[in-house]
Amino acid sequence: MKQDDAHISWVEPPKLGLSGRMYLPLLAQGLTTTARHLFSQKVTTQFPEQRPEIGNPLIYRGVHRLNKDAGGRVKCVACFLCATACPAHCIDIIGTESPWDDREKYPESFTIDELRCIYCGMCEEACPVDAIELTSMFDLTGRSREEMIFDKEKLLSVYDQTKDAEPSRSQRAASEGATT
Amino acid sequence: MLLEALIKIAILIGGLMTAAAYLVLVERWMAAWIQGRIGPNRVGVPLTRIRLFGLGQPIADGLKFILKEEYVPAHVDKWLYYLAPMAILTAALAAFAVIPFGSVLPPDVSFPGGEEPIQLVVAPGIDVGMLYVFALSSMAIYGVTLGGWASNNKYSFLGGLRSSAQLIAYEIPLGLGILGVVLMTGSLRLEEIIGAQAQSGLWFAFSQPLGLLVFSVAACAEAGRLPFDLPEAEQELVGGYHTEYAGMKLMMYLVGEFLHMITAAFLIVILFFGGWHLWGVTGSSNDVNWFQAIARILVLVTKILLVVLLFMLVRWSWPRFRFDQLMALAWKVMLPLGLVHLFTMAVLSEYAERWAGGAAPWVIVGVGWLVAVAACLVAGTLTAVSTGNQAIRE
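Those protein sequence lines, which keep their order, are chains A and B.
Numbered by the working numbering, the letters in the first sequence go through residues 1 to 180 in order.
Numbered by the working numbering, the letters in the second sequence go through residues 1 to 394 in order.
Because the hints were derived from the structure by calculation, they are not lab data.
There's no promise every hint is true.
Said to hold, decoys possible - With a cut-off of at most 30 Å between alpha-carbon atoms, the simulated DSBU-like pairs for lysine-lysine come out as follows: (1) K68/A x K154/A; (2) K68/A x K152/A; (3) K154/B x K64/B; (4) K332/B x K15/A; (5) K8/B x K78/B; (6) K154/B x K42/A.
Said to hold, decoys possible - Among the chain B residues that face chain A by a calculated CB cut under 7 Å, a handful are: (7) I34; (8) G36; (9) R37; (10) S317; (11) W318; (12) G380.
From the three backbone atoms N, C-alpha and C, an ideal C-beta is built for every residue, glycine too.
All chains should be built: construct the whole structure from the sequences, respecting the hints.
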């Protein structure tokens, strides 16, 4: 870097007053600030014992779930929109002819690689039937990579775990419609 | 005599090492609390759920250091690389030979050699104690510079260079800071300096504020603590002179640095805050009963702990100096302030008694504070330490 380069504009810090130049008053100021913080309220969450508060679980982007409809069937119609929207290519669906009359296709297998997923929530946005949703479960762990590839059964079981705390979008819409 | 000295050495080294380990924990706590966190509070008794507020952390840290791979990079100068951490730790520990860690224990005839009161200092009666401490604290430069050189790494070398320049620059205000105390007591013996303050009840912090300021700033710089931690400024130099060290050798460096801080705290307390003296509790003579002997040790340790806590608080309070500011502070501010202080104290020690008679201590306190405030005002007005970009642009 050339010191006299015309493209460099030097920014000078503001001039200090007498107390600043004496340094000691400023030092005292700094010390009182840190001393105040020393006894201030702490913000640490003691994690395993103390769960962090999740502001709004409905918009939190944690582990996925596959929603079930009223009859306990998987809602997904194997349209592949989520897999297409997924920027990390972590959703793998094998669709086949549905055994039910109200839809043509259903997923024979539906796997999500939770280690590959970037939890962007685009699959949830893409889904036309509110079948895939992100829950507020954030502390998923596993001992192997295979364990972290969630299949259809596991994703449906996540729905069973979280359906009471976090009703799906269509359920919420239904209950809101009932109240108004 | 030999046995007595060995016992004292064992107590002192054991105590210092434990203190250094636990002060690391305290430092981490302080850092966490100041930043709004809780800090290490999980490590307790191994294999149980007992946590003890994290008091097991130093043991875990130590074990980690011991079990770590003792990695020596291929490009280092082997001899100096091994020598440097030993030099720094040896010098830091040896300085404690003359630093009293209490006053005296009363004579107890129930064991051989107990007829005399036991001085709580490893090498009692060394007349040049202060000089010895200074000599050994200067030795720390060798450890730092050798480590920086032997590592054969640019960052380490820069750290070592900065450190040697900084330590040499701040030796002078360090010396000037204590000269006032030495003039007033007429002795370089640390026990006698405490004794003089205990006799008069007037700690030198009250009569020599300027000396305290110059000395504590210089001591902070000598210990390489923030805001003077340029030798190992993480943001610029990776780790400074100990970048290439790992395992036990790194631990020796870190313990050595902590011991420097503890030495600085000891010296500040002994020279300026009366050592083991506390009005109305510890007494002031050399004939002590057991209560006073224990009280003196506790008072000294408490004072040192408070100074160390202040050092830790300072670490998170003030930003680091730039190198030109550091040097300007040493040569253009601290050196003149030290000289003014020395001159004032020389005049006062010569004439205060003659002019004011019995009121001499009050005259010394008054003049001491007046000179301190005036000198700080002048230093602030002349503003020798630049805060702008001028130094970089040139």
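The hints, checked one at a time:
For the proposed pair K68/A and K154/A, the alpha carbon gap of about 13 Å is at most 30 Å, so the pair holds. Taking the CA atoms of K68/A and K152/A, the gap is about 11 Å. The hint holds against a cut of 30 Å. Only pairs whose Cα atoms come within 30 Å are accepted, and K154/B paired with K64/B is accepted, the gap being roughly 28 Å. The suggested pairing of K332/B with K15/A holds, with an alpha-carbon distance near 19 Å, which does not exceed 30 Å.
Taken as a hint, the K8/B and K78/B pair is broken in the structure, with Cα atoms around 34 Å apart against an allowance of 30 Å. Proximity of K154/B to K42/A is assessed by CA-CA distance (about 40 Å); at most 30 Å being required, the pair is judged violated. The beta carbon of I34/B is positioned within 7 Å of a beta carbon in chain A (closest approach about 5 Å), and the interface hint is therefore held. A distance limit of 7 Å between C-beta atoms decides the matter here; for G36/B the minimum to chain A is near 5 Å, and the interface restraint holds.
With a cut of 7 Å, the hint placing R37/B at the interface with chain A holds, because the nearest CB-to-CB distance is about 5 Å. Annotation: interface hint on S317/B holds; nearest CB of chain A at approximately 4 Å, less than 7 Å. Because the closest C-beta pair between W318/B and chain A is about 5 Å apart, less than 7 Å, the hint holds. The closest approach between the C-beta of G380/B and any C-beta of chain A is roughly 3 Å, which is under the 7 Å cut-off, so the hint is satisfied.
Checked against the numbered hints given earlier, the structure breaks hints 5 and 6 and satisfies all the rest.
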